[in-house]
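Visitor: Chain A is already provided as a structure; the job is to place chain B on it using the hints.
Number of protein chains: 2
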Amino acid sequence: MDKVNIAKKFLMFGDHWHPRIVAEVNDSYVKLARLHGEFLWHNHETEDEMFLVVRGSLRIKLRDNEILLGEGELAVIPRGVEHCPVADEECEVMLFEPKGTLNTGSVKSQRTVEKLEWI
Amino acid sequence: MDKVNIAKKFLMFGDHWHPRIVAEVNDSYVKLARLHGEFLWHNHETEDEMFLVVRGSLRIKLRDNEILLGEGELAVIPRGVEHCPVADEECEVMLFEPKGTLNTGSVKSQRTVEKLEWI
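Residue numbers (the working numbering), protein chains in the order written: chain A, 157 to 275; chain B, 157 to 275.
One should not assume that every hint holds.
Just so you know, same-sequence chains aren't split out, so a pair can sit in one copy or run between any two.
When the alpha-carbon atoms are kept at most 16 Å apart in a straight line, the in silico EDC-like pairs for lysine to aspartate or glutamate are as follows [to be verified]:
hint	residue 1	residue 2
1	K159	E229
2	K217	D158
3	K264	D158
4	K159	E227
5	K217	D244
No lab work stands behind these hints, which were simulated from the structure alone.
Model, not experiment: these values are computed from the prediction.
Chain A with its partners taken away, still in its complex shape (with noise of 0.2 Å):
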């Protein structure tokens, strides 16, 4: 039972839009990523996702609205609600989703990462 420091996770990767899982919690996987330029428009159907900045800040994009999270605040998207996320400068985001997760959701292309590591 070892305790995950966050910003020392943070070091061990450099690579974006690639989350690393750092923890589990009962169905969930806690996730770390790096996040710069925009990614792209996908929804999860029946997940709900929490993003938490612990770095810079996050726009994520709805598709009649617009969230800006900044450094310790965290929003939940709803399953089924399409959202792009966007950073205009690097960040760093904690990320919280069940297990079965995939970072583009129901939308498949390059940046899906099918294959998540932990660190």
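Guide: For chain B alone, coordinates are given in the frame of chain A:
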């Protein structure tokens, strides 16, 4: 779909060992709590529980060990594992656990919070 500013939420209450709900993600709640002093030994029979320290530090005593969490560190206490959180000075934590989880697990005490509030 509102965002949650963790620091602002902590300004909304001052009591200890009384978690408040700030978000729901699938079958789990995200809760915030101020901790100070020693809690009680308990376990959660069927639920893992995640502690993330937002401010200060937290010791989680286990029967054969102890985890010391500083700011930006998290630990998951697996289901069934007896633990006793101790905050030598006041700390602020985020908890992530299934909706049905009681703060005192399978132990009923004066410190059991039966009805959780949203803030």
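Visitor: Against the earlier hints, flag every one the structure doesn't satisfy and list their numbers going up.
Guide: 3
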